[in-house]
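Engineer: Take these sequences, add in the hints, and give me the full structure.
Number of protein chains: 2
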Amino acid sequence: MKVGILGTGHIGSGLGKRWAENGHQVFFGSRVPEKAAALAKTIGHGALFGTYQQTCAFAEVILLAFPWSACDAALQSCGSLTGKILIDCINPLGNDYRSLTIGYSTSVAEEIAKQAPGAKVIKAFNSISDKVIRLGADFNGQKASAFYCGDDAEAKVAVQELISTIGFEPVDCGALKTARYLEPMAVLLINVAMNGYGSNIAFNLLQR
Amino acid sequence: MKVGILGTGHIGSGLGKRWAENGHQVFFGSRVPEKAAALAKTIGHGALFGTYQQTCAFAEVILLAFPWSACDAALQSCGSLTGKILIDCINPLGNDYRSLTIGYSTSVAEEIAKQAPGAKVIKAFNSISDKVIRLGADFNGQKASAFYCGDDAEAKVAVQELISTIGFEPVDCGALKTARYLEPMAVLLINVAMNGYGSNIAFNLLQR
Numbered sequence: 022m023k024v025g026i027l028g029t030g031h032i033g034s035g036l037g038k039r040w041a042e043n044g045h046q047v048f049f050g051s052r053v054p055e056k057a058a059a060l061a062k063t064i065g066h067g068a069l070f071g072t073y074q075q076t077c078a079f080a081e082v083i084l085l086a087f088p089w090s091a092c093d094a095a096l097q098s099c100g101s102l103t104g105k106i107l108i109d110c111i112n113p114l115g116n117d118y119r120s121l122t123i124g125y126s127t128s129v130a131e132e133i134a135k136q137a138p139g140a141k142v143i144k145a146f147n148s149i150s151d152k153v154i155r156l157g158a159d160f161n162g163q164k165a166s167a168f169y170c171g172d173d174a175e176a177k178v179a180v181q182e183l184i185s186t187i188g189f190e191p192v193d194c195g196a197l198k199t200a201r202y203l204e205p206m207a208v209l210l211i212n213v214a215m216n217g218y219g220s221n222i223a224f225n226l227l228q229r
Numbered sequence: 022m023k024v025g026i027l028g029t030g031h032i033g034s035g036l037g038k039r040w041a042e043n044g045h046q047v048f049f050g051s052r053v054p055e056k057a058a059a060l061a062k063t064i065g066h067g068a069l070f071g072t073y074q075q076t077c078a079f080a081e082v083i084l085l086a087f088p089w090s091a092c093d094a095a096l097q098s099c100g101s102l103t104g105k106i107l108i109d110c111i112n113p114l115g116n117d118y119r120s121l122t123i124g125y126s127t128s129v130a131e132e133i134a135k136q137a138p139g140a141k142v143i144k145a146f147n148s149i150s151d152k153v154i155r156l157g158a159d160f161n162g163q164k165a166s167a168f169y170c171g172d173d174a175e176a177k178v179a180v181q182e183l184i185s186t187i188g189f190e191p192v193d194c195g196a197l198k199t200a201r202y203l204e205p206m207a208v209l210l211i212n213v214a215m216n217g218y219g220s221n222i223a224f225n226l227l228q229r
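These protein sequences, in sequence, are chains W and F. According to the working numbering, the first sequence is numbered sequentially starting from 22. According to the working numbering, the second sequence is numbered sequentially starting from 22.
These aren't lab readings, by the way, just hints derived from the structure by calculation. There's no promise every hint is true.
Put simply, identical chains are the same to the list, so a pair is met inside one copy or across any two.
[Claimed, not checked] The calculated lysine-lysine pairs, modelled on BS3-like cross-linking and capped at a C-alpha distance of 30 Å, are: (1) 152 / 56; (2) 152 / 23; (3) 177 / 23; (4) 23 / 164.
Structural biologist: This is the structure in structure tokens:
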């Protein structure tokens, strides 16, 4: 798959690396071209780089991996997003990094869908720590789950493939507005981590 | 432990049964005395019954297992709750049973703590389905986690014991205000269940 990554932080670089290693054509976009170039070089596997606009023109699937505070400006510099699949992994964290700044009756994912009406928005990868993305989904034989939600069935198939390809167990949580509960889940994970469990933890959905 | 259960619904009766079977002295309270009497009789193991006030006078630990809409009236009919440990398993569900009516900047647990200032409130058992409480925590060798939070260390020890005694893995999520993220987690579970997974599912915290 042609995957664009907007943002060169821990989550963007971590997922980009894993996808590139697993045969996907990754294109890193940054507002600072040198950052994207350096990241693409480090990761190798034919990773490309450029501006946000170049990334979005190239990719079928675009991971939004910038902070929530940068979202408005970022989306404006993307060019057309019509028909693109946007993976939103953003959590609207407060300054303490353990609370939410929006929620309950809306979500980042729904706000992005309003701002990019021609795109197919999927919430995913927001409740997995960057450490777990880097170290992998296997916890002594148990697989970490990757919870996602969205309103477009085709986009969900693509995201499910991007989840499975790096070893996580996809869990389809339903409609995009379920992001209202996926974003707090990330904050729960952060609170548990900071309460002595550390960041090498993940949620798993048990079924029987 | 002397455990009071306020409410005779699925969660209250399910947890009461499991605790009674595991050696705890359970006292069922209901606004309709006949309901509590019938439940105590069905469960056996020396289970007692009475009014809300009698339940609270008897018990050290009290499970609040009534709907959020009934909470104000219920707390008023409890008598003194000073020094008691209150386990809040309530989710403020919307009419569709898959959304929240409060959240993000407060939680049921924090509201209850305000209404019962002498009590020690712990949020627990709100993100486990009544089916899983009934059938047990074991999922083919993996244990379902029971996420809880609160501000009183002694109360946490008691609740941790009530979690472990029925086979769940206790996960201390931190301060009571973390309930802002535990309540959405329950709604996430409901949405996943209704999205084709069914209610025989549970969250597990993976650690390595």
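Engineer: Which numbered conditions among the earlier hints are violated in the structure presented, ordered from lowest to highest?
Structural biologist: Violated hints: none; all satisfied.
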